[in-house]
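Chemist: The lines below spell out each chain.
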Amino acid sequence: EADIYQTPRYLVIGTGKKITLECSQTMGHDKMYWYQQDPGMELHLIHYSYGVNSTEKGDLSSESTVSRIRTEHFPLTLESARPSHTSQYLCASAAGQRFPDTQYFGPGTRLTVL
Amino acid sequence: AQKITQTQPGMFVQEKEAVTLDCTYDTSDPSYGLFWYKQPSSGEMIFLIYQGSYDQQNATEGRYSLNFQKARKSANLVISASQLGDSAMYFCAMRERKSGANNLFFGTGTRLTVIP
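Chains A and B are the protein sequences, given in the same order.
In short: position in the first sequence from 1, add 2, done, that's my numbering.
Numbering-wise, my numbering puts 70 at position 86 of the second sequence, and it's gapless, one number per residue.
Here chain B stands alone, though its shape is the one from the complex (with noise of 0.2 Å):
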């Protein structure tokens, strides 16, 4: 089973206008941690933004911020005020504290291309 899904291949969103990246994760393990990653074509993974397992609230971090439902197992990136460079691919991933060292579980990612 797909540990991390994201269901929007491709988003579109007008400058300065917001929009919800969806993610939705399955884990047994009562501790992990949910993550999304910004790649631009150039290729880089860039952090953007972390919410642990046990966090009570949502995380945010400047324009981004973490719609974190856990009873529903999902983690929606929010992105407000749209620009430009906000264009690229946008992954989410967890990590299972049971999974030992390391591994990160990766989605498959959805394209977000902004419209000026």
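Okay, chain A solo, but in the shape it has when bound (with noise of 0.2 Å):
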């Protein structure tokens, strides 16, 4: 099992601001992953890597960037947020070693843009 950790676990911001989700895992794992959640729904995938300097889009168009500069550290950024972008945001890794290698989640980060 990983051990991931996101942080902040809760952010209110107001219009415009810039901010960045912090992901950490601790399991040397190749892979990681951003999913974007609304209240009750299903997981959308918005970024992922397959190790570091590599990533790539998701199915779900998102205005937010991310970078992998370290195997650890896949944190995700907002450049100016929206009440469009209130969700919860939820970090995942996998060891990427053979399919379907299992994807971990962290606690997430519930975002509310005012």
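The hints are simulated quantities; they were obtained by calculation from the structure and are not laboratory data.
All C-beta atoms in this analysis are idealised placements derived from N, C-alpha and C, irrespective of residue type, glycine included.
Wrong hints could be hidden among the right ones.
[As the list claims (entries may be wrong)] A few chain B residues that face chain A, going by a derived Cβ cut-off under 7 Å, partial list only:
(1) F(-4)
(2) G27
(3) M29
(4) S66
Could you use the hints to bring the two separately framed chains together as a complex?
Modeler: If you want it as structure tokens, here you go:
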């Protein structure tokens, strides 16, 4: 089981602010993911990474950006937050050694943009 | 078309009883994996159980078992001896090999409430 951490757990912020959601894992997993989930709804993939310096967009279009400079760290940034960004953001990682490599999730960040 | 369908928005079960949460899936890829996750009100997604498309036997993990019926494309989760702590949202998810990296398709979830 992966140890994967997200900070902050809760964030309330005003429109137009720049925010960075942190995600770190200690298992040395190559693959990392960001999902967006509205309350009571399914998860949608917004970004993923195969490894250092690798990032790709997921199925759901998102105005956020990500970076992967270190294996263990996969932060998500919103340059200018808007109320439409209000959602829960879940980070996950997987070892990536063999299909279908189970994804393990962090505790999530609940973002509210006023 | 929906890749994963969970038709039960909410389910109730008496404590200590068993409950089955339904999941059907749609894929043309012969190689795929099916997952169940639990999401308590605190928000984290907890991995419960996995079934591979080529696995001959149904997966089991403690009180969780997966009733895998490949011809029907169903992968129902069975929770035995329900506990109050089992109250949560439960999501079925699928990963297809042909999808390449990474798409894990989720259903809309079932909210399980365990009644004392």
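Chemist: I'd like to know which numbered hints this structure contradicts. Please list them from smallest to largest.
Modeler: Hint check: 1 and 4 fail, others pass.
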